[in-house]
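Q: Take a look at the letters that make up each chain.
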Amino acid sequence: LAKTTQPISMDSYEGQEVNITCSHNNIATNDYITWYQQFPSQGPRFIIQGYKTKVTNEVASLFIPADRKSSTLSLPRVSLSDTAVYYCLVGEGVGNQGGKLIFGQGTELSVKP
Amino acid sequence: DTEVTQTPKHLVMGMTNKKSLKCEQHMGHRAMYWYKQKAKKPPELMFVYSYEKLSINESVPSRFSPECPNSSLLNLHLHALQPEDSALYLCASRGSGAYNEQFFGPGTRLTVL
Numbered sequence: 001l002a003k004t005t006q007p008i009s010m011d012s013y014e015g016q017e018v019n020i021t022c023s024h025n026n027i028a029t030n031d032y033i034t035w036y037q038q039f040p041s042q043g044p045r046f047i048i049q050g051y052k053t054k055v056t057n058e059v060a061s062l063f064i065p066a067d068r069k070s071s072t073l074s075l076p077r078v079s080l081s082d083t084a085v086y087y088c089l090v091g092e093g094v095g096n097q098g099g100k101l102i103f104g105q106g107t108e109l110s111v112k113p
Numbered sequence: 001d002t003e004v005t006q007t008p009k010h011l012v013m014g015m016t017n018k019k020s021l022k023c024e025q026h027m028g029h030r031a032m033y034w035y036k037q038k039a040k041k042p043p044e045l046m047f048v049y050s051y052e053k054l055s056i057n058e059s060v061p062s063r064f065s066p067e068c069p070n071s072s073l074l075n076l077h078l079h080a081l082q083p084e085d086s087a088l089y090l091c092a093s094r095g096s097g098a099y100n101e102q103f104f105g106p107g108t109r110l111t112v113l
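Protein chains in written order, with our numbering: chain X, 1 to 113; chain Z, 1 to 113.
These aren't lab readings, by the way, just hints derived from the structure by calculation. Each residue gets a CB set at the ideal place from its N, CA and C atoms; glycine is no exception. Among the clues, some could well be false.
To be verified - Some chain Z residues near chain X, calculated using beta-carbon distances under 7 Å:
hint, residue
1, C68
2, A87
3, L90
4, G105
Stated by the list, open to error - Here are the simulated SDA-like pairs of lysine to any residue, each with C-alpha atoms no more than 25 Å apart in a straight line:
hint, chain 1, residue 1, chain 2, residue 2
5, X, K100, X, V85
6, X, K100, Z, E58
7, Z, K41, X, M10
8, Z, K9, X, R45
Assemble the whole structure, with the sequences as input and the hints as a guide.
A: Written as structure tokens, this is what we have:
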């Protein structure tokens, strides 16, 4: 499984755009990139998933360059409620329900007023 | 219903006790997962069940015994645990939707005395 590397922590202010980059140099051809958000004492929650180029949903955008060795989660106009840990996962995505999904160390995002 | 439920929410047990954690989902997902999470650390994969069969065991000590009685239920039987086993135990299920994302329960906070 591809190992992921993310910044341990990031600080931001309300209303700013936050970009969290994840490095995954050994990503395999059939691997997808998935991001989860976790609040204290809760289970992680799916944010976004992509394979290549750019994916956008109502919560975030995910940018993946052509070589797929990194990805960037972009959170537009963050609020205090976006303070959480964000995990980048690389693994078997669509089509493999029982595949391994291994969490990296995560990025602790702190949003200040 | 996109919810994974876990009971109990909190559990305190002695090292000689036998207890069980329960996880339930009604999304028709055929893959279910157990993770262990220590404070300030990422979730750590323990077991994966695929179509009610154990498909992945991440070298978990035998004092943890998983069971999948049917496609909606997942149990984790605990016996002779150690204080270092105190953690948040997370259950997740994964289906065949557009993103194959995992849905996590809120977790059981386990304390071993």
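Q: Taking the closest Cβ pair, is A87 of chain Z under 7 Å from chain X?
A: This interface hint is violated because 12 Å lies over the 7 Å limit.
Q: Holds or violated: K9 of chain Z with R45 of chain X, Cα cutoff 25 Å?
A: OK: K9 of chain Z and R45 of chain X at ~18 Å, within 25 Å.
Q: Using the nearest Cβ pair, does L90 of chain Z come within less than 7 Å of chain X?
A: At 5 Å from the nearest chain X Cβ, L90 of chain Z passes the 7 Å test, so the hint holds.
Q: Need the status of pair K41 of chain Z, M10 of chain X: alpha-carbon distance at most 25 Å?
A: holds, 16 Å
Q: Is the interface hint for C68 of chain Z satisfied, with its Cβ closer than 7 Å to some Cβ of chain X?
A: Interface hint status for C68 of chain Z: violated (12 Å vs cutoff 7 Å).
Q: Check the hint pairing K100 of chain X with E58 of chain Z against an upper bound of 25 Å on the C-alpha distance.
A: holds, 10 Å
Q: Mind checking the CB of G105 of chain Z against every CB in chain X and telling me if the closest is under 7 Å?
A: holds, 5 Å
Q: K100 of chain X and V85 of chain X: Cα distance at most 25 Å?
A: holds, 21 Å
Going down the numbered hints, you'll see the structure goes against 1 and 2, while the others check out.
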